[in-house]
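Visitor: Throw the hints in and build the complete structure from the sequences for me.
First to last, the protein sequences are chains A and B.
Per my numbering, the first sequence runs over residues 1 to 131.
Per my numbering, the second sequence runs over residues 1001 to 1558.
It is worth saying that the hints were derived from the structure and are not from the lab.
It is possible that some hints are incorrect.
[Unchecked claim] Computed Cβ-Cβ distance ranges for the label pairs, DEER-style: (1) A:Glu98 with B:Ser1486: 55 to 61 Å; (2) B:Pro1402 with A:Asn127: 22 to 28 Å; (3) A:Asn128 with B:Val1472: 48 to 54 Å; (4) A:Glu105 with B:Glu1551: 35 to 41 Å; (5) A:Gly39 with B:Lys1455: 21 to 27 Å; (6) A:Arg3 with B:Glu1547: 41 to 47 Å; (7) B:Glu1377 with A:Glu98: 41 to 47 Å.
[Said to hold, decoys possible] Sample of chain A residues lacking proximity to chain B, with all beta carbon distances greater than 12 Å (derived): (8) Ala27; (9) Gly32; (10) Gln53; (11) Arg80; (12) Glu105; (13) Glu110; (14) Asn127; (15) Asn128.
For each residue, glycine too, the CB sits at the ideal point set by N, CA and C.
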Amino acid sequence: MDRPIRVLVSKPGLDGHDRGAKVIARALRDAGMEVIYTGLRQTPEQITNAAIQEDVDCVAVSILSGAHGTLIPKIAELLRKEGADDVLLVAGGVIPQEDIPFLKEHGVAEVFTPGTPTDVTIQFIRNNIKR
Amino acid sequence: MYEKEKIDALKAKVNAYNEKTEASLAKRPERYKVFETGSGEPVNRLYTPVDVEGLNYETDLGIPGQFPYTRGVQPTMYRGQLWTMRMYAGFATAEESNKRYKFLVEQGSSGLSVAFDLPTQIGYDSDHSLSEGEVGKVGVAIDSLADMEILFDGIPLDKVSTSMTINAPASVLLAMYIAVGEKQGVSAEKLRGTIQNDILKEYIARGTYIFPTDPSMRLITDIFEFCSKEVPQWNTISISGYHIREAGSTAAQEVGFTLADGIAYVEAAIKAGLDVDSFAPRLSFFFNAHNDLLEEVAKFRAARRLWAKIMKDRFGAKDPKSMALKFHTQTGGSTLTAQQPDNNIVRVAIQTLAAVLGGTQSLHTNSKDEALALPTEASVQVALRTQQIVGYESGVTNTVDPLAGSYYIEAKTSEIEEQAMAYIRKIDELGGAPRAIDLGYIQQEIMDASYKYQKEVESSQRIVVGMNKYQVEEAAPQGLLRVDLSVGENQKARLAELRAKRDNAAVEATLAALKTACEGTENVMPFILDAVRVYATLGEICGVMREVFGEYQQSVNL
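Guide: Structure representation (structure tokens):
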């Protein structure tokens, strides 16, 4: 691999719970990836633009407010529109099991629910980025 | 508390005991090399009078209801009355939440606690583009006084006390509550309740800030001043360690950072010309209760003692009520597991005990399903019953501060107080809490503690039952509460109708007057109240304030 894996860790919507996002960001960085963290209150448009500008391999979305069903598919759609659908899209947070199939149909590669060890996420990203 | 010679003799005995034990560890090892509290602080094998050698009963513990309040803020604590069992609730529309409140009151809840959705907490109406997908999700959507009237329909405001988890737009929601009272014929001076109104912890940990630090602090002192005259029974702020702990802090950081925020509010109010004893009795606090029962009990006692000293010595408060730290507790959301959620009932019971043995004034117990979704009515009932069982069956409420005098509890209380004080000194050196937040110091400390905890869980150095030990195969949980997306559409329709039929000239006029007040130095509360009364929306009012004050920009160092 010529360069480290680049990941955008993002917080869409109005949700302020960022403990998980920060832990994941640090764990990915400790695993040798380059991590960009968007901070709070990002719109799907802002997240997509950042993903393209930063030329990331993966967008990791953290959401605990229950707005996942609206916001995450929108990010997937925008990435597709911008021709960046080779970017791996993963999600984490308080997301009920029964919502996961819907998210996967809408462009999310995997959903990591509470209690997932960071290693599982790291391995998944390593094994699934498309380059 | 012991004579010098006796302590010396005891020291020798304890040393001998430890040496003998260490020598036999090769044969009979202990389970860990170092035993640690939930916050990662080392715990000794044995605590004896040696560990509380420096403690002076009169000055360090004293009598309940008296300085330094270590043993509690009331003379008889739960022998007089139990804590307020206050369940945080709110979702979807005002109608739905109103139903849940009536259910909770029927089930024996003694106070209401309103959860608002994120758009409301950040000052956007339900039809704002950023509200997309968020309306009614984590709390009730309130756009105007019309929604607030429905929220409290059939609930007499002179009979209940209401806590509102609202921060950046606290002034607006308080104004709406006062206006609902007016409509019910209840005057402002009879209203009882709390607004969270703690912006500093929003920057630190919770994230629902709107305005930059300075105008935010001004809004808070405006509320202090207004309420001291007009709404004298209202708790004007709930200085919150809860979210700091949820973000991953230790127990000592929770106390240190929260009291540092408290110091900043007191300083801001004094600087604005208020007399400390005119507002300090209405300050209240909000703490977390995690699983390490004894550490948590010590934490609550340490917080009380430290705050009493700060108010007396640093701010020269004279009124004992200014020195007494009253607090609400919520059990620790981050301690709940999505795995085997029934186990969470047990965790919540332990945390309830911690809060009660620590002398809380009110308590919210989390429901078992909160790592998965908002709680259902059935799981909320179990959570409330947990409090009732501790209150009526456990016996811990029969005497005041029953764990006092335990060598471990007293040693731990002093230790947490010292550690918290060290954080406060550090924050003072940086120029106070607002500056320390701008520098990212507090956030960084919390992030480090949270990452350390995560690593310990992942390496199984720390056991979380059902998550990294004793796992089972589980089916996906059924019957979780869901908030329909139609809530957002309904709320938008209601707003459109409101905007069409209200007196829009009056709305314009009151908003213009508010703008002038914001630009000047007058207290903004009366202007907000005027705007609310003519059904200006939350988004419109906060929009005016955004225009004048600007918005806070978060910066994050990983």
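Visitor: Failing hints, ascending?
Guide: 1, 2, 3, 7, 8
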